Every structure is written in C-alpha cells, then in structure tokens.
Amino acid sequence: MAVDMRLPTIRKTVSLSVDAFDRKDLVVPGDVITSDTGFMRGHGTYVDEDNLTASVAGEVQRVDKLICVRPLKTRFNGEVGDVVVGRITEVQQKRWKVETNSRLDSVLLLSSVNLPGGELRRRSAEDELTMREYLQEGDLISAEVQSVFSDGALSLHTRSLKYGKLGQGVLVQLSPSLIKRQKTHFHNLPCGASIILGNNGFVWLYPTPGQQEEEAGGFYTSLEPVSLSDREVISRLRNCLLALSAHKVLLYDTSVLYCYESSLQHQVKDILKPEVMEEIVMLTQQKLLEQEG
Amino acid sequence: MAGLELLSDQGYRLDGRKATELRKVQARMGVFAQADGSAYLEQGNTKALAVVYGPHEMRGSRGRTLHDRALINCQYSMATFSTAERKRRPHGDRKSTEMSLHLKQTFEAAVMTQLYPRSQIDIYVKILQSDGGNYSTCVNAATLAVIDAGIPMRDYVCACTVGFVDETPLADLCYAEESGGVSSLALALLPRGGQIALLQMDARLHQDHLETLIEAAMTACKGVSKVLDEVVRQHLQEGSVLTGE
Numbered sequence: 001m002a003v004d005m006r007l008p009t010i011r012k013t014v015s016l017s018v019d020a021f022d023r024k025d026l027v028v029p030g031d032v033i034t035s036d037t038g039f040m041r042g043h044g045t046y047v048d049e050d051n052l053t054a055s056v057a058g059e060v061q062r063v064d065k066l067i068c069v070r071p072l073k074t075r076f077n078g079e080v081g082d083v084v085v086g087r088i089t090e091v092q093q094k095r096w097k098v099e100t101n102s103r104l105d106s107v108l109l110l111s112s113v114n115l116p117g118g119e120l121r122r123r124s125a126e127d128e129l130t131m132r133e134y135l136q137e138g139d140l141i142s143a144e145v146q147s148v149f150s151d152g153a154l155s156l157h158t159r160s161l162k163y164g165k166l167g168q169g170v171l172v173q174l175s176p177s178l179i180k181r182q183k184t185h186f187h188n189l190p191c192g193a194s195i196i197l198g199n200n201g202f203v204w205l206y207p208t209p210g211q212q213e214e215e216a217g218g219f220y221t222s223l224e225p226v227s228l229s230d231r232e233v234i235s236r237l238r239n240c241l242l243a244l245s246a247h248k249v250l251l252y253d254t255s256v257l258y259c260y261e262s263s264l265q266h267q268v269k270d271i272l273k274p275e276v277m278e279e280i281v282m283l284t285q286q287k288l289l290e291q292e293g
Numbered sequence: 001m002a003g004l005e006l007l008s009d010q011g012y013r014l015d016g017r018k019a020t021e022l023r024k025v026q027a028r029m030g031v032f033a034q035a036d037g038s039a040y041l042e043q044g045n046t047k048a049l050a051v052v053y054g055p056h057e058m059r060g061s062r063g064r065t066l067h068d069r070a071l072i073n074c075q076y077s078m079a080t081f082s083t084a085e086r087k088r089r090p091h092g093d094r095k096s097t098e099m100s101l102h103l104k105q106t107f108e109a110a111v112m113t114q115l116y117p118r119s120q121i122d123i124y125v126k127i128l129q130s131d132g133g134n135y136s137t138c139v140n141a142a143t144l145a146v147i148d149a150g151i152p153m154r155d156y157v158c159a160c161t162v163g164f165v166d167e168t169p170l171a172d173l174c175y176a177e178e179s180g181g182v183s184s185l186a187l188a189l190l191p192r193g194g195q196i197a198l199l200q201m202d203a204r205l206h207q208d209h210l211e212t213l214i215e216a217a218m219t220a221c222k223g224v225s226k227v228l229d230e231v232v233r234q235h236l237q238e239g240s241v242l243t244g245e
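Here the protein sequences come in this chain order: A and B. Residue numbers in the first sequence follow UniProt numbering, run continuously in steps of one, and reach 293 at the last position. Residue numbers in the second sequence follow UniProt numbering, run continuously in steps of one, and reach 245 at the last position.
Treat the hints with caution; some may be incorrect.
Here are some chain A residues the structure puts well away from chain B; computed CB gaps all over 12 Å [to be verified]:
no.	residue
1	T34
2	F39
3	D64
4	L66
5	L72
6	K73
7	D105
8	K165
9	F186
10	P209
11	K273
With a cut-off of at most 20 Å between alpha-carbon atoms, the simulated EDC-like pairs for lysine to aspartate or glutamate come out as follows [unchecked claim]:
no.	chain 1	residue 1	chain 2	residue 2
12	A	K97	A	D50
13	A	K248	B	E238
14	B	K104	B	D202
15	A	K73	B	D229
16	A	K73	B	E238
17	A	K180	A	D50
18	A	K97	B	E238
19	A	K97	A	E133
20	B	K226	B	D208
21	B	K226	A	E137
22	A	K165	A	D127
23	A	K94	A	E79
24	A	K248	A	E292
25	B	K222	A	E133
26	A	K73	B	E98
27	A	K73	B	D122
28	A	K73	B	E230
29	A	K248	A	E261
Hint data in this document are derived by calculation from the structure and do not stem from the laboratory. Quantities reported herein were computed from a predicted structural model and do not represent experimental measurements. For each residue, glycine too, the CB sits at the ideal point set by N, CA and C.
Isolated chain A, as found in the complex (with noise of 0.2 Å):
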C-alpha cells in the first residue's frame, strides 16, 4: 500500500484579507479596555483600579454598556435552547451524566426524558433501577438545553422525539464556535446522508432514517447494516468537515453542502491532503459569496 508521506511545512490559511489586520477591538488578557467607570463588566473581563481589564485573549465585543471579550476558542457555553450531542460518563440516581464539550458535565434527569410508552407515563422506582438499560456509559444522545445552573452546569431534555440515543454513525468534534446558530440543526442532507450540528461542537453524521417506529421513543436504535454508497458519503462528509473547520469557515447546512459538492471531483482520502483542503475550501467560499450576493 502506498503511503503518502511529506516533510512538515508552514501551514497556510485561505483568503488573508489584508484590511482585517491592525484591528483595534482585540485585546489580551491585561489590556485595559477602558477606564470610564460608566460601563458594565461582562465575560472575559475585570475590573483592576477602576480600570475595566481583559482576561482573555479575543476581540472586544460592546452592547450599550455592557463590555464582554469572546475568546477565539474556548469550551462550551450552554444556553437555553441549544441543540447538543454529548456522551454518557455516568448513571446516578434518577439522572444521566452527559459529557457536552462544557466546562462541567450536563445532567439528564430521568423525568426530562421520553420514556418508551408515550408521554403521560409515570416514571417509577422499576424505572430508575433499569435507566441503563435505556442509556448506559459510553451513549451518545442527542438532546436540548433546558436551563443553566447557577454554577454553569447544563441541564439538559430530549422530550422530543427528535432527541434521544444517537445509533449508527459518526461523530466529528470541531470548535463550539466553528457552529452557526440556525433555526434547526438537524438536516437532511440531499446527499443522502443526515446531520445533527450539535451547538457544543460536536456534529454528528448518519444515514438518513426510513419511516422511524414512533413508539420506540427515541430510544430505538438500528443495527440494520449500512449500505456502501451511505458509508462512502457519511466518510466524504467528515473529511470535508474537517477541511472546513481547519480554515475556520462557519458551519451550517448550505456551507456544509457545497463543500460536498466542490469535494466530489476528489478522492474521500484526499480531501485531507492539506493542498486539495485548500482547493475545496477555496471553491465552497467562492460558493457562498455567490448565493449571498
């Protein structure tokens, strides 16, 4: 088997627009951003001697008088509403523990789930006691933030029958803030493969599902085999993810897409060669500017 082996070189980026240097709104952690008390502290930032200082290193976002700085790369930061993907670590009494990509893990609490049977039934203590049978460790789900805690915990839902255990396929793991917040993050792809962009980064590939049993609750997975043709897209899909997210290019059904599209003239393995990343990234950018205007 032929292996394809190169030296190490510089890696370089797509599209250095030259105007976009020399900005004015990005601080590190230290710079004073102001020293007019008239403003209110937000995240990333502190107040040292009246002076309102940055505590990390990112650009300078300002809301009336509100001063918050958003670090170029950080872990997850839950709010209401948020489509997830997380990882069973823990069964306890009466919840889940799910790993999301946040800075403590999120919690699944066994009455704030779909329980096979429909929506009225009464969860009991025989409940309780056969909860890994519905989700054990190692899981991977689907679900929706339902609150934060005070201490920046999640507490996470899948009262939909959208959410639930995640079966076959594949999960890709990129920057929370490589995600563009959309109506839904569930796509059928036209492809033919679907995909869940969960809001923490994790993005989750897989076939698109026939007629679904409704009963199951979102707790039914499918073992049935998964053809070729569904695999070779599901894999194309992931190296095209990764080429987008190692040019930083926002995710979201239509950029997702048309990379599929730019990556088809290429091989599934050699969407990863960082030359043809760059053709593919290069022709998905040209696409977008083209829709948008």
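Fit chain B to the known structure of chain A by using the hints.
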C-alpha cells in the same frame, strides 16, 4: 569557580551575551487540535511543550473538588532525551514533583479560578530539551497554552531565572551558568501590575544583593512578556481573520 569565567572582563558571558541580555525566545500557540490549549516555546536551547485541558468536570479523585473555584492540576515532566545523560523517569521523581507544585502555585495566582467552581484545569508541561531555566520556560509556555485555551487570567505570567556573578546580575541563565555555581533565583511575574507570582531561590546570597537581583529579574520578565505579547497578538490576528466576523 571551577575554571570557567562566567563573565569576561569585557562584560560578555559564556555564550556571548551581555549580562542583561535574554536568550532568543520563539513560540507558537495552538500546536495541537485535540487539546483545549497548547503552545510550544523555545528559550535559547531550552524547549518546552505545554498543553491545557479544561476547565472540565473533576476526573479521578472527586474528593479534591473545590466548591468555590477551579482546581489547577499541573504535571511537569522532562523527556528522557532532554538532558545530556538519558533520564530514567520522565516524571514522578522528587524534582519534577516539586516543579509541578511550583507551577501550580504560579498559575493559581494568575488564573481566575473563582469563575469555574467545581471544575478542574489540567496543565501538562514537557521539557523536550533542557538547557537551563526549565522552570521559567515552562511557565512561559504554559501561559501561552492557557491563553490559547481561552481561560481567564489576570495578566500574563512571565518567568525568568537570574544569577549573581561578580557583583553583576545575569539574566536568563543557561545550563553551563546554572551548573557553574552561580547563586540563581527564579521569579514569576505578572508584568503589568508588577506582582510576584512565585519567587524561588535555594542558594546563598548576601541580603544586600537580593534587591538588585530581584530588580534584574523583573526587568528580564518584562522583556519576556513583550515577546509573549507579540506572539499572542499575531496568533489572535490570524485566528480572527479566518472566522471572518
């Protein structure tokens, strides 16, 4: 002094530097994709790699959870090939444990841990090549990694070692100087406020000289901070251009 002339009559040191001159500092941020933050830093021939994970849920011993702030967990290790003589244990020996503790103390002074109750921040530093000033190189590399991870800090933490020879403070000692019997002092500084995060000296020195030595160390740290600042700003511009916002 064992035959080595650490400071020549002309005021030059073993490697040709002046007394207050630092070694060349080169650094890069975001070298790993998997970690939350990472950085690579070279200070002369001393090379260090720092990786930061977190803040995340407590792993391992739940008992150490702090309910009002985040726990900082540091691990210092030296690659087996980092020294002239091959090392047996990369980490876990007395010296590394002590160094880990120093790093932890340094970063507890700078990172705003009270923002993340009940969580944990892991800082792993590895020396790839050791040529003196290991502590300071580690601190500088870890600072960049923490900034890369987007963890709030009061200020940069910059560290430098200084030695005292012939009534002259020498900045940023290399291995030959460190092992040449110089009384050396390591200082970690938050440069803007001038607060000291850690001060360590385990050699004999007349107390009259201490002040000049600390003064020299602070100047050296501020020099380091300028270099780090440049690296961070460069990284920031590259990153922000790409997100296109």
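Okay, the hints, checked on the actual structure:
{"no.": "1", "hint": "T34", "verdict": "16 Å, holds"}
{"no.": "2", "hint": "F39", "verdict": "18 Å, holds"}
{"no.": "3", "hint": "D64", "verdict": "20 Å, holds"}
{"no.": "4", "hint": "L66", "verdict": "17 Å, holds"}
{"no.": "5", "hint": "L72", "verdict": "4 Å, violated"}
{"no.": "6", "hint": "K73", "verdict": "5 Å, violated"}
{"no.": "7", "hint": "D105", "verdict": "4 Å, violated"}
{"no.": "8", "hint": "K165", "verdict": "21 Å, holds"}
{"no.": "9", "hint": "F186", "verdict": "24 Å, holds"}
{"no.": "10", "hint": "P209", "verdict": "31 Å, holds"}
{"no.": "11", "hint": "K273", "verdict": "16 Å, holds"}
{"no.": "12", "hint": "K97(A) with D50(A)", "verdict": "41 Å, violated"}
{"no.": "13", "hint": "K248(A) with E238(B)", "verdict": "11 Å, holds"}
{"no.": "14", "hint": "K104(B) with D202(B)", "verdict": "19 Å, holds"}
{"no.": "15", "hint": "K73(A) with D229(B)", "verdict": "18 Å, holds"}
{"no.": "16", "hint": "K73(A) with E238(B)", "verdict": "13 Å, holds"}
{"no.": "17", "hint": "K180(A) with D50(A)", "verdict": "36 Å, violated"}
{"no.": "18", "hint": "K97(A) with E238(B)", "verdict": "37 Å, violated"}
{"no.": "19", "hint": "K97(A) with E133(A)", "verdict": "15 Å, holds"}
{"no.": "20", "hint": "K226(B) with D208(B)", "verdict": "29 Å, violated"}
{"no.": "21", "hint": "K226(B) with E137(A)", "verdict": "47 Å, violated"}
{"no.": "22", "hint": "K165(A) with D127(A)", "verdict": "17 Å, holds"}
{"no.": "23", "hint": "K94(A) with E79(A)", "verdict": "23 Å, violated"}
{"no.": "24", "hint": "K248(A) with E292(A)", "verdict": "18 Å, holds"}
{"no.": "25", "hint": "K222(B) with E133(A)", "verdict": "59 Å, violated"}
{"no.": "26", "hint": "K73(A) with E98(B)", "verdict": "31 Å, violated"}
{"no.": "27", "hint": "K73(A) with D122(B)", "verdict": "17 Å, holds"}
{"no.": "28", "hint": "K73(A) with E230(B)", "verdict": "18 Å, holds"}
{"no.": "29", "hint": "K248(A) with E261(A)", "verdict": "18 Å, holds"}
In this structure, the hints that do not hold are numbers 5, 6, 7, 12, 17, 18, 20, 21, 23, 25 and 26, in rising order.
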